[in-house]
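S.K.: Can you make the complete structure from the sequences, with help from the hints?
Now for the letters of each chain:
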Amino acid sequence: MKTEDLKNNKEYKYGFTTDVENIRSPKGLSEETIKFISNIKKEPKWMLEWRLKAFNRLKVLKEPDWQKPKYPKIDYQDLYYYSAPKSASEKPKSLEEIDPKILETYKKLGIPLDEQKRLNGIAVDAVFDSVSVATTFKDELTKKGIIFCSISEAIQKHPDLVKKYLGSVIPLTDHYFATLNSAVFTDGSFVYIPPYTKCPMELSTYFRINASETGQFERTLIIADKGSYVSYLEGCTAPMRDENQLHAANVELVALDDAEIKYSTVQNWYPGDEKGIGGIYNFVTKRGACRGKNSKISWTQVETGSAITWKYPSCILQGDNSIGEFYSIAITNNFQKADTGTKMIHLGKNTKSKIISKGISAGNADNMYRGLVEIKNKAINSRNYTQCDSLLMGNKCGAHTIPYIKNNNATSTIEHEATTTKINEEQLYYCNQRGLDQEEAVSLIVNGFCKEVLQQLPMEFAVEAQKLVAISLEGSVG
Amino acid sequence: MLNIKNLEATIDNKHILKGLNLNIKPGEVHAIMGPNGSGKSTLANVLSGKSGYETKGDIKYNGEILSELSTEERAQKGIFLAFQYPLEIPGVNTNIFLKTSLNSVRKANGEKELDTLTFLKLIKEKASELGIDEKFLSRQLNVGFSGGEKKKNEILQMKLLQPKLAILDETDSGLDIDALRIVADGVNSYKNKENAFLIITHYQRLLDYIKPDFVHVLSDGKIIKTGNADLGVQLEKTGYLNIV
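Protein sequences, first through last, are from chains A and B. Using my numbering, read the first sequence as starting at 1 and increasing by one per residue. Using my numbering, read the second sequence as starting at 479 and increasing by one per residue.
It should be emphasised that the hints constitute simulated quantities derived from the structure, not laboratory data. Just so we're clear, the structure is a prediction, and the values are computed from it rather than from any experiment. By construction, the Cβ of each residue, glycine as well, lies at the ideal position given by its N, Cα and C atoms. Mixed in with the good hints, there may be bad ones.
The list that follows gives simulated cross-link-like pairs (lysine to any residue, SDA-like), each with its CA atoms no further than 25 angstroms apart [as the list claims (entries may be wrong)]:
1) A:422 - B:637
2) A:467 - B:637
3) B:613 - A:459
4) B:590 - A:466
5) B:590 - A:439
6) B:534 - A:425
7) A:451 - B:612
8) B:555 - A:437
9) A:451 - B:637
10) A:354 - B:569
11) A:467 - B:571
12) A:451 - B:597
13) A:451 - B:551
14) B:637 - A:427
15) B:555 - A:438
16) B:599 - A:459
17) A:422 - B:594
18) A:422 - B:597
19) B:528 - A:275
20) B:585 - A:470
21) A:451 - B:614
22) A:467 - B:534
23) B:637 - A:437
24) B:492 - A:427
25) A:275 - A:72
26) B:528 - A:464
27) B:585 - A:72
28) B:555 - A:426
29) A:467 - B:492
Label-pair restraints from in silico Cβ distances [said to hold, decoys possible]:
30) B:541 - A:395: 49 to 55 angstroms
31) A:74 - B:612: 33 to 39 angstroms
32) B:599 - A:66: 54 to 60 angstroms
33) B:712 - A:426: 34 to 40 angstroms
M.R.: Written out as C-alpha cells, the structure reads:
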C-alpha cells in the first residue's frame, strides 16, 4: 500500500457523525421499550410475544463474567434501544426517498448505494443505527427466488421462514447478551437461498452506528436450503465518541443438505483513542448450524476495531460429513482487548472442522484466543485441525491461547498447533535495506503472517482488509 | 562516491572498528578480506544503517553525511547490501516483496511506480538473465530456499534495484561452484563506470571470477594493507598470519 494513503489514514477515518433527526424509543430497558420497537416495526403479535418471552427470561439471567477483558458495569436503563433517522421510519422505497445526508454517509464510507456506482456484483443491505435504509440489487435476486431483505421486512413478508428458523440456532434462553438481543433487536439482514441455487453475487450488510447513547442490536438470519450456496459479508463502522457504545448482535446461519454458507466479517468499529477512552463493546453471538448432511459453514473474520471484542463464531456440525471452518485475524492496538475464537461441536459422523487463528497484539493491548472443540460420542471418524499463531509487537502487549478440547470417541482426532512470535527486528532491517519504510515493512510482514486468512476473503474485500490491517497497526513499531 | 574517515564502531560494549579509512570511486571494485572477527560484517552493517551500533568518524556518500540518512533512505539513494544470511518472510510472495521494494525506491527518486504487468515482465527478464526459474518468484520470500537460492535471490534484487554502491557480504560463502559462477556473472554483467562494488569475502575463490581493482586486508578493525588483485592471490597462498 502506498505511504500517501497511510498518511491520510492516521486517524480513524470513519469517526464522523451524520446530523439527522432521529426517532428514539423511550430510554431504558422495559416492556414499554420492547412494545415501542415491535409497534414501530409493525410486527405481528407472535413476534412481540417472542420478544417479551426473551425479556422475561432476561430478568433471571446474569451477565457472564468469565471473559478476560473486564469492563465497567453497563447501565442498561441509561441506553436507547431504538434510534432511527426520522426520514427512514418508513423504509424508503427508492433512492430518491432516502435522506441525502444518509446517502452521503454511505458514500463517505465507500459504500455507494446509487445505481450507477454500485459495487460490481455485490448486493448491499445498509443498516443505519436501528433500521435498514436500503437494499440494492433486490430485483435481480428475486428473479432467482433469493430473498435478501431486512429482518423487519422478512418478519412481515416471510413469517413462516422466520418463525421456523429464528432462534433455532441461538435459543431465546442462550445467554445474557443473546437473550437481550432477542428482546430488543431492531434490524439486520435476512437471507434465504432456495434449493439448488447458487447466489450469483456477494451479499453484504453494512452496519453503521450513528446516534449517541444508543446500543445497536442487530439480528441476522441466513438460511441456505438444500444444495445452495451463498457468500455473505458484513462491515461495520461507528463515529468517534468518548462513551463506550454497546453492540450486541445475534447472527444465525442454517445450512441444509449439501448447502454451503461462507460468512465474512470485516469489523472496524471505533476502537477508542490511544489512551483507551471510548470505543465500541462488541459482544456478539454468531452461530451456524450445519443441519444437513454434507453441508458446510465457513466463518472468516478480520477484527480490527472495537474497544473490546468478545465473540466466538461457532459451528454445530449436526449433519453427517458436514464441515465447519473458522479463519480469524484479530488485531489489538493501544488499549484494545479481544477475547475471541470459535466453538466446533461435532455431532454427526465424519464431520470435519478447521480453525486458523492469527492474533496480533501491539501497544498495551491484550489478545486472547479461546476456542472449544468438542467431538461427541456419536461423531465417529471426525477430525479437527487447529492452528493458533500470535504475533507480538513491543513489550507491553499480551497474547494468550486457551483451547478447550473434548474428544468423546476413539475414532476421531484433534490436532492443535500454537505459536507465539515477536515481530523480528532483522526482518524489518532487511525490508528497510530494500527501501521500504518502517510502516510499509510492518504492513508487509503482518500481511504475510495473516495470509492464510486473508486468502479466504472475497477479492475486493481482501484488498480492503489488507489496508485495514496496516492502518490498525500504524505507529506501533519503532 | 564513498569516503570513510577514521570510522569506529561499537556494539554491546565491544569495540569492533577502530579507525577505518576507505575511499571508493564510481567504476571501482573493492574487495575486503580478513580473518573472522576482524569487523568485515560490521562495516557492511554500519554502511547500510543497521541499528544498534555506536559510531565515530565520518562517512560521506555522494557528498551526504551517511549517518543522517535512515536505512531506507540509504537504500533509496542506491546503497544495496546483499545479506550474508538473507531473511525469511513467511506468507510474503517473492514477487510482491520485489515489487514493493522496487516501487519504494522508484517513488523516492521521483520515478513512476511500475504496475503489476510491467513489473512482471521486467522481473522475468532479470530472472532469466541469472538463470533463475520463474516458479521461484511465486514462492514465499526465502522460505525453504537453499543457501544458493537465497544468494541468487540477493543478486536478482541487486540487478532489479540497480544500486550505485553494492555491498556483498560473504555472498560466496556456502555456494557450490555453479552458484558461485551465477553470482559472479550477475555482478560482472551489472558492473559499469557509474557504480561501485564493495565485496566482503573470506576467500580468493570469488575473486577468481570478479576481478577487484583493490584488495584491502582488514584486521582488528583497521585496514592494514591495500593492494591490487595480486594481493588476494598472495593471501590465498600465505594466509593472513604472515601479514597480521
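S.K.: Could you run down the list of hints and mark each one as holding or not?
M.R.: Hint-by-hint comparison with the structure:
no.: 1; hint: A:422 - B:637; verdict: violated (32 angstroms)
no.: 2; hint: A:467 - B:637; verdict: violated (29 angstroms)
no.: 3; hint: B:613 - A:459; verdict: holds (23 angstroms)
no.: 4; hint: B:590 - A:466; verdict: holds (23 angstroms)
no.: 5; hint: B:590 - A:439; verdict: holds (21 angstroms)
no.: 6; hint: B:534 - A:425; verdict: holds (24 angstroms)
no.: 7; hint: A:451 - B:612; verdict: holds (22 angstroms)
no.: 8; hint: B:555 - A:437; verdict: holds (13 angstroms)
no.: 9; hint: A:451 - B:637; verdict: violated (28 angstroms)
no.: 10; hint: A:354 - B:569; verdict: holds (19 angstroms)
no.: 11; hint: A:467 - B:571; verdict: holds (17 angstroms)
no.: 12; hint: A:451 - B:597; verdict: holds (22 angstroms)
no.: 13; hint: A:451 - B:551; verdict: violated (28 angstroms)
no.: 14; hint: B:637 - A:427; verdict: holds (21 angstroms)
no.: 15; hint: B:555 - A:438; verdict: holds (17 angstroms)
no.: 16; hint: B:599 - A:459; verdict: holds (24 angstroms)
no.: 17; hint: A:422 - B:594; verdict: violated (31 angstroms)
no.: 18; hint: A:422 - B:597; verdict: violated (32 angstroms)
no.: 19; hint: B:528 - A:275; verdict: violated (32 angstroms)
no.: 20; hint: B:585 - A:470; verdict: holds (19 angstroms)
no.: 21; hint: A:451 - B:614; verdict: holds (19 angstroms)
no.: 22; hint: A:467 - B:534; verdict: violated (41 angstroms)
no.: 23; hint: B:637 - A:437; verdict: holds (21 angstroms)
no.: 24; hint: B:492 - A:427; verdict: holds (24 angstroms)
no.: 25; hint: A:275 - A:72; verdict: holds (16 angstroms)
no.: 26; hint: B:528 - A:464; verdict: violated (33 angstroms)
no.: 27; hint: B:585 - A:72; verdict: violated (48 angstroms)
no.: 28; hint: B:555 - A:426; verdict: holds (21 angstroms)
no.: 29; hint: A:467 - B:492; verdict: violated (42 angstroms)
no.: 30; hint: B:541 - A:395: 49 to 55 angstroms; verdict: violated (39 angstroms)
no.: 31; hint: A:74 - B:612: 33 to 39 angstroms; verdict: violated (57 angstroms)
no.: 32; hint: B:599 - A:66: 54 to 60 angstroms; verdict: holds (57 angstroms)
no.: 33; hint: B:712 - A:426: 34 to 40 angstroms; verdict: holds (36 angstroms)
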